[in-house]
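Whenever a hint applies, use it, and build me the whole structure from the sequences.
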Amino acid sequence: MTDEVPLAAAKPFRVPTAPCRPGDEPSFPEWKWTPEDLPILPIDCNSEETHEHAYGLIRVLGNDDLAKGEWNPKIDQDTIKLGLEYMLRLRIFDDRMMKLQRTGKLSFYMRSFGEEAIAIAQTMALEQHDWVFPSYRQPGAQFVRGRDMVSMMNHCIGNEMDNVKGRQMPVHYTWKEGHFISISSPVGTQFNQAVGVAMASAYKGEDQITITWLGDGTSAQGDYHYGLNFASVYKPPIILCVVNNQFAISTHANLATGGPNFASRGLPYGIPSFRVDGNDFLALYSITKWARDRASAGHGPTHIEVYTYRAGAHSSSDDPSRYRPKNDHLSWPGGDPIDRLKNHMIACGFWTEEEHEALVERIDQEVVAAYKEATSYGDLANGPYPPASTIFTEVYETVPWHVQEQREELGK
Amino acid sequence: MTDEVPLAAAKPFRVPTAPCRPGDEPSFPEWKWTPEDLPILPIDCNSEETHEHAYGLIRVLGNDDLAKGEWNPKIDQDTIKLGLEYMLRLRIFDDRMMKLQRTGKLSFYMRSFGEEAIAIAQTMALEQHDWVFPSYRQPGAQFVRGRDMVSMMNHCIGNEMDNVKGRQMPVHYTWKEGHFISISSPVGTQFNQAVGVAMASAYKGEDQITITWLGDGTSAQGDYHYGLNFASVYKPPIILCVVNNQFAISTHANLATGGPNFASRGLPYGIPSFRVDGNDFLALYSITKWARDRASAGHGPTHIEVYTYRAGAHSSSDDPSRYRPKNDHLSWPGGDPIDRLKNHMIACGFWTEEEHEALVERIDQEVVAAYKEATSYGDLANGPYPPASTIFTEVYETVPWHVQEQREELGK
Amino acid sequence: MVEMNMIEALRSALDDLMQRDPNVLTFGEDVGYFGGVFRITDGLQEKHGAHRVFDTPLAEGGIASMAMGMGLNGLRPVAEIQFADYIFPAYDQIVNEIAKVRHRSGGEFTTPVTFRTPAGGGIRGGHHHSQSPEAQFTHTPGLKVVYCSTPLNAKGLLTSSVECNDPVIFFEPKRCYNGPFYGDPHKLSTWKGHPDADVPEGEFRIPLEQANVVMEGTDCTVIAWGTMVHICQQAINDSGVSCDLIDLQTLVPWDRDTVVSSVKKTGRCVIVHEAPKTSGFGAEMSASIQERCFYHLESPITRVTGWDTPFPHTTEWDYIPSTERISKAIRGTQVD
Amino acid sequence: MVEMNMIEALRSALDDLMQRDPNVLTFGEDVGYFGGVFRITDGLQEKHGAHRVFDTPLAEGGIASMAMGMGLNGLRPVAEIQFADYIFPAYDQIVNEIAKVRHRSGGEFTTPVTFRTPAGGGIRGGHHHSQSPEAQFTHTPGLKVVYCSTPLNAKGLLTSSVECNDPVIFFEPKRCYNGPFYGDPHKLSTWKGHPDADVPEGEFRIPLEQANVVMEGTDCTVIAWGTMVHICQQAINDSGVSCDLIDLQTLVPWDRDTVVSSVKKTGRCVIVHEAPKTSGFGAEMSASIQERCFYHLESPITRVTGWDTPFPHTTEWDYIPSTERISKAIRGTQVD
Ligand SMILES: Cc1ncc(C[n+]2csc(CCOP(=O)(O)OP(=O)(O)O)c2C)c(N)n1
Ligand SMILES: Cc1ncc(C[n+]2csc(CCOP(=O)(O)OP(=O)(O)O)c2C)c(N)n1
Ligand SMILES: [Mg+2]
Ligand SMILES: [Mg+2]
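Residue numbers (the numbering used here), protein chains in the order written: chain A, 5 to 416; chain B, 5 to 416; chain C, 8 to 343; chain D, 8 to 343.
Everything labelled a hint here was simulated from the structure, so no lab data went into it.
Given the structure is predicted, the values throughout are model-derived calculations rather than measurements.
Where is the CB? At the ideal position from N, CA and C, for every residue including glycine.
Take these hints with a grain of salt, some might be off.
Selected chain D positions facing chain A (in silico; Cβ < 8 Å) [to be verified]:
#1 44
#2 45
#3 66
#4 68
#5 69
#6 92
#7 132
#8 136
#9 172
#10 210
#11 211
#12 212
#13 314
#14 317
#15 321
#16 341
Put into structure tokens, the structure is as follows:
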């Protein structure tokens with residue numbers, strides 16, 4: 005037995021790099037999918053049958069802006085118009101909130117920029133009573149469920165009218181009435197919690213499915229494995245989504261995994277797995293509707309990689325110019341989700357530039373009115389805040405003696 | 005918005021069951037692999053090329069006891085004889101230790117029964133200086149590296165001569181000189197630690213690879229995902245094994261995952277993945293040697309499902325008659341690893357029943373001599389134990405004041 | 008009343024809860040068909056069905072997060088963690104998620120999960136089958152922490168824990184499953200004939216947040232939980248000092264009135280636990296009692312605890328607080 | 008000596024360590040190319056190469072276990088956990104594995120990992136970007152726990168932590184990265200001109216296990232760490248009471264001699280931390296001091312801490328111990 009170890013011929017371990025850095029020219033040569041690529045599948049298919057769907061990309065909106073292929077959901081024009089409106093509303097809302105953040109009226113903000121289609125199309129494909137269990141990049145689901153913008157803004161400000169009483173950072177929405185479960189900062193924790201939610205629905209015999217999302221970066225957490233695996237074992241009615249926007253703050257998805265993609269991760273768990281164009285409203289709607297039908301019929305979970313590109317900064321604290329080319333998102337072959345749906349509507353003849361501008365104008369006014377109302381209840385720079393007593397309530401169902409003593413000590 | 009949720013047509017979530025329970029007749033219809041099934045692959049292959057290897061089964065020893073197929077490692081007779089001797093030694097050692105446990109000389113024991121080939125063939129396929137990072141079901145690696153049985157027994161007893169000073173439960177071996185890393189009770193924790201060990205070897209430029217194992221049950225832990233994923237990203241020289249012996253205490257592998265098997269899990273991480281007959285010494289040797297060559301040449305990790313059947317109880321605390329048919333392991337189509345290698349040697353003409361009996365006899369005497377020596381240093385029923393002062397040392401590099409105070413308080 | 012050991016008492020609590028409330032489920036590693044490695048759920052799957060009593064994958068983090076989700080959606084899950092040492096992969100889900108969801112959601116979402124887990128030493132389990140990690144949960148607002156010690160309070164406290172709308176970490180002293188333990192490993196006793204082995208069969212509660220005064224005395228207050236309650240009983244007898252022995256039962260929120268009035272009466276206090284001393288829950292008890300009883304104290308509050316070392320295997324009887332160490336500490340409070 | 012803020016001082020420590028010891032590596036989420044969300048490792052990848060300074064997958068449990076393995080095999084890894092709130096997925100690896108491997112292996116294997124992590128509140132981070140989880144590590148034998156408070160001790164203590172052959176959890180008070188914080192969010196200051204912003208450039212150590220006496224006085228001992236050191240300084244001035252102010256620096260093992268001799272001198276003690284009161288490290292300090300200084304104490308040892316609630320967002324200034332609460336407590340120790 006000796007402790008001497010010979011020197012290796014091999015190089016040290018590999019440290020992957022991002023495909024491009026500030027100053028580089030972004031390019032996405034792997035993008036070569038069309039709406040005709042992939043067949044529709046029966047909702048009771050098994051995971052092996054989805055092999056090509058996990059490695060390909062479900063698209064519906066072609067490069068010519070027309071809807072085609074077997075996955076075309078063929079939804080009515082009103083629903084599509086509504087989808088466009090929700091997406092526009094989210095983008096305009098986000099922009100306004102960023103401005104409020106820059107002026108100190110909010111502490112922090114995170115936009116869904118470039119990813120507006122995801123939560124909106126997917127939530128629209130569900131029933132109103134289905135459970136939405138989001139990360140911070142899916143606030144858009146609330147518009148679909150009809151949440152009042154003032155209420156959302158009150159939360160982001162953390163003012164007296166915030167339904168979570170100023171306890172959480174902005175964008176950590178909670179809305180039980182809308183079956184929208186509270187967003188938590190530690191990334192990924194919701195993934196297997198959502199499986200538990202879905203199991204409870206099934207246990208109670210309710211026709212209620214659950215959808216949840218996490219990011220490409222977050223898929224490295226143990227929670228991702230727990231979610232896939234518990235869903236694999238118990239087969240509850242759930243849709244498990246990985247939003248691959250190719251960045252986790254500054255870290256490129258090349259460092260999230262060395263594998264070929266995220267969708268295929270579901271296959272060895274025996275879960276049908278799909279990759280979908282995350283900037284294609286119709287494709288997102290279609291696969292989600294399919295997965296809902298599957299879950300509702302008792303065939304169990306579906307795993308979806310939503311393939312997109314984070315168009316903006318990670319958050320108001322982030323400066324992406326330090327780690328990626330400026331405006332790299334403009335080179336993304338998937339384009340912009342709002343532009344693509346709008347162009348489709350125009351190409352199909354049920355939308356015009358004029359109508360579009362009028363809609364933008366109307367939403368803008370609504371958002372302005374909402375923020376004026378919300379800030380009238382207080383903003384972070386000027387208050388008023390929720391009273392300090394809110395620190396002590398709802399730690400437990402009732403306030404225990406030690407927390408009560410502390411509340412008295414604070415004397416507020 | 006309403007809180008009323010319609011009732012589902014679907015059944016509640018699925019709770020899988022074990023294929024057979026006490027009183028049932030065990031059967032394994034899925035076993036239909038032969039040594040001719042799978043081609044050998046270049047060591048720089050990528051994960052997609054291993055698809056059929058992940059879903060098939062690498063075998064070398066055919067039903068006629070002859071070695072065949074492209075994976076035949078063609079190792080010399082002396083090496084094979086050594087392998088048989090190590091396996092026999094482990095089985096006889098285990099049986100003896102169980103007896104000591106039953107008489108209270110040890111607190112607890114875990115056998116490798118039916119899985120002797122795994123750690124032994126795999127460690128023999130490595131270099132002496134490679135790192136072995138086992139779970140409690142791979143103590144056999146120590147025989148390959150030449151550890152003295154008395155020393156192993158001293159540990160299991162936890163007597164004064166135990167190199168870990170009676171601090172750990174039996175079977176939690178540590179042996180740095182043999183490049184055998186300390187076994188820990190929390191299952192799975194070693195998996196990504198092993199990736200770190202391998203990265204350190206690569207960083208130092210040493211031609212030293214690392215092998216690690218965890219069980220089918222344990223693959224549900226986050227650590228399994230971390231190990232595969234960190235290996236996927238950094239591609240260090242490591243062999244990541246899942247020993248699928250189909251049970252985690254009483255829990256059948258059907259409840260470990262709903263997926264088709266364990267080997268295929270590695271594919272979406274971009275790691276070449278193989279399933280190997282865990283009771284086939286030559287097949288284990290072969291795939292491990294292949295993976296070592298691959299790692300050593302700088303091509304990165306390999307993932308291996310070792311397909312076997314837990315022949316005995318989980319541990320000395322377990323009573324499998326409560327949850328599975330008696331002697332179900334006798335129906336396992338993979339047979340017994342020792343019998344299979346012995347039959348192969350006899351079939352090839354370099355071993356006889358007489359030689360075999362003589363070998364068993366010799367090992368038995370060695371084991372008896374060893375346990376007599378080991379118990380002469382103390383056993384759990386009668387002591388002596390390591391001094392109580394060993395509680396306080398090696399908590400830190402030097403004993404801090406508060407631990408020193410406590411040691412003085414104990415006054416031993 | 009039926010004589011039960013602690014295993015039977017815990018099983019009886021679960022059985023009763025499941026009978027009364029269809030939203031109660033229980034699961035964990037080996038909990039289903041097999042009935043748990045400590046047999047707590049034996050027979051419950053057969054009785055209540057595989058959708059209410061089932062095995063899980065071997066992943067405590069997954070068990071906890073699934074339980075949280077079920078709790079968010081109206082169920083009342085009871086999750087078994089096979090050994091308390093293995094609760095740490097679930098630590099993030101418990102302290103960052105389960106504990107905080109009521110507060111962070113403004114009360115819209117709650118999750119009344121109960122984690123049952125066998126804790127403590129005395130079964131030669133070494134580093135990783137012997138720990139008592141209660142203190143690591145007492146620092147997290149939003150969690151209640153309960154530690155039973157007898158069949159009677161095992162059933163009563165578990166029932167109250169599961170019915171409580173807050174998440175509860177419920178520790179079971181595995182050394183006492185089959186009998187109280189008085190500190191001598193060569194003299195093991197069963198629950199047979201012990202007054203607290205008489206347990207009501209059906210619905211039965213002991214309120215949380217209440218301590219149990221096991222013995223009453225005048226000259227020292229001894230505070231303990233789990234296995235240590237029995238060892239302290241023996242040690243008090245050995246010491247010859249007249250003591251209040253308080254079984255804390257609920258650690259968070261603990262029973263201020265019982266503890267404070269006892270220490271004000273006796274003027275002396277010894278706190279005993281198996282976990283390491285530094286930042287054990289004894290530290291909190293000592294600090295709080297000192298703050299509240301300073302002018303009544305006749306001698307320093309003393310802690311008798313496990314050492315600040317990992318839990319050893321063969322030498323465990325030199326680790327676990329012994330009757331000698333405890334009675335010495337009790338006598339030590341009497342001289343000033 | 009060069010004037011540095013705490014970020015620069017930490018970077019300087021890492022740079023110096025990497026220059027001197029090829030076995031020192033550092034990694035974590037966004038640590039490589041980008042240089043960390045708090046910029047601590049900015050420029051280090053370019054200087055020392057991508058095999059020594061690199062990004063990891065977003066998995067704290069994976070970061071910790073990989074670090075442990077590297078440590079077992081001769082390296083000296085420094086792992087960044089982006090926020091202390093996110094250390095919990097790594098809790099099992101830290102408390103069950105990293106902390107215990109030296110003991111459980113009979114000293115054959117050790118792993119000298121250092122975890123650096125920004126902790127504490129004051130940046131409007133809400134529940135999950137504000138916690139101070141130091142107490143949750145102080146209960147685990149085998150770990151050392153360090154908390155810096157100034158650029159000078161940030162560099163000196165980090166150097167000693169990385170060089171230490173035991174695993175260290177190293178907390179950085181993120182509120183103080185750019186300047187000391189005296190309790191008034193409307194008056195933020197930078198490190199410019201602060202005496203402890205003068206930091207030696209090359210090799211520089213402050214020994215572990217030693218506290219720093221920041222102010223000397225006669226009538227009360229104030230013990231704090233991290234951001235609270237600066238708030239206490241202000242509070243002491245406000246109180247008009249002559250105090251020893253002790254910056255504990257190393258929490259485990261803490262500096263017994265400095266603390267005990269101070270409390271014996273002053274007869275009074277206030278302990279201040281941001282973390283919740285129950286089972287915070289203040290409990291351990293209070294219990295230990297009481298045990299050692301009982302007959303010198305003139306008034307109860309008092310704790311001023313965060314509340315036993317999750318950390319709130321908009322109302323965080325009502326959560327973090329304020330100069331008012333601290334100076335009131337200090338004055339409170341003077342009346343008896
Ligand atoms: C457990 C945990 N670790 C670290 C963080 C800090 N953090 C917040 S978001 C983020 C990146 C997430 O990236 P990804 O999952 O790809 O989601 P995206 O932001 O791209 O939508 C990180 C590291 C966190 N919130 N939680
Ligand atoms: C984290 C953790 N949880 C639970 C246990 C208790 N336990 C020990 S072995 C075991 C089953 C392991 O099964 P498997 O991984 O299939 O390995 P095998 O015993 O079959 O070799 C369990 C649940 C443990 N040791 N660690
Ligand atoms: Mg992302
Ligand atoms: Mg197994």
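Here's how the hints hold up against the structure:
The beta carbon of residue 44 of chain D comes within 7 Å of a beta carbon in chain A, closer than 8 Å, and the hint placing it at the interface holds. Evaluation of the residue 45 of chain D hint against chain A yields a violated restraint, the C-beta minimum of about 10 Å exceeding 8 Å. Hint status for residue 66 of chain D relative to chain A: holds, with the closest Cβ pair at about 4 Å, below 8 Å. Proximity of residue 68 of chain D to chain A holds as hinted, the smallest CB-CB distance being about 6 Å (cut-off 8 Å).
Taking 8 Å as the C-beta contact cut-off toward chain A, the hint placing residue 69 of chain D at the interface holds, the least distance being around 7 Å. Because the beta carbon of residue 92 of chain D sits about 7 Å from the nearest beta carbon in chain A, less than 8 Å, this interface hint is met. Below 8 Å, beta-carbon pairs count as interface contacts, and residue 132 of chain D has one with chain A at about 7 Å; its hint therefore holds. Here the hint on residue 136 of chain D is kept, as its CB sits about 7 Å from the closest CB of chain A, short of 8 Å.
With 8 Å as the threshold, the beta carbon of residue 172 of chain D stays out of range of chain A, its nearest partner Cβ sitting at about 19 Å, so the hint is violated. Contact between residue 210 of chain D and chain A, as hinted, is not supported at the beta carbon level, the nearest pair being about 27 Å apart and thus beyond 8 Å. A distance limit of 8 Å between C-beta atoms decides the matter here; for residue 211 of chain D the minimum to chain A is near 29 Å, and the interface restraint is violated. Hint status for residue 212 of chain D: violated, given a least beta-carbon distance of 29 Å to chain A, over 8 Å.
A least Cβ separation of about 5 Å between residue 314 of chain D and chain A falls short of the 8 Å threshold, and the interface hint therefore holds. The interface hint given for residue 317 of chain D holds, since its Cβ lies 7 Å from the closest Cβ of chain A, which is under the 8 Å cut-off. Nearest Cβ of chain A to the Cβ of residue 321 of chain D: about 3 Å, under the 8 Å cut. The hint holds. A distance limit of 8 Å between C-beta atoms decides the matter here; for residue 341 of chain D the minimum to chain A is near 18 Å, and the interface restraint is violated.
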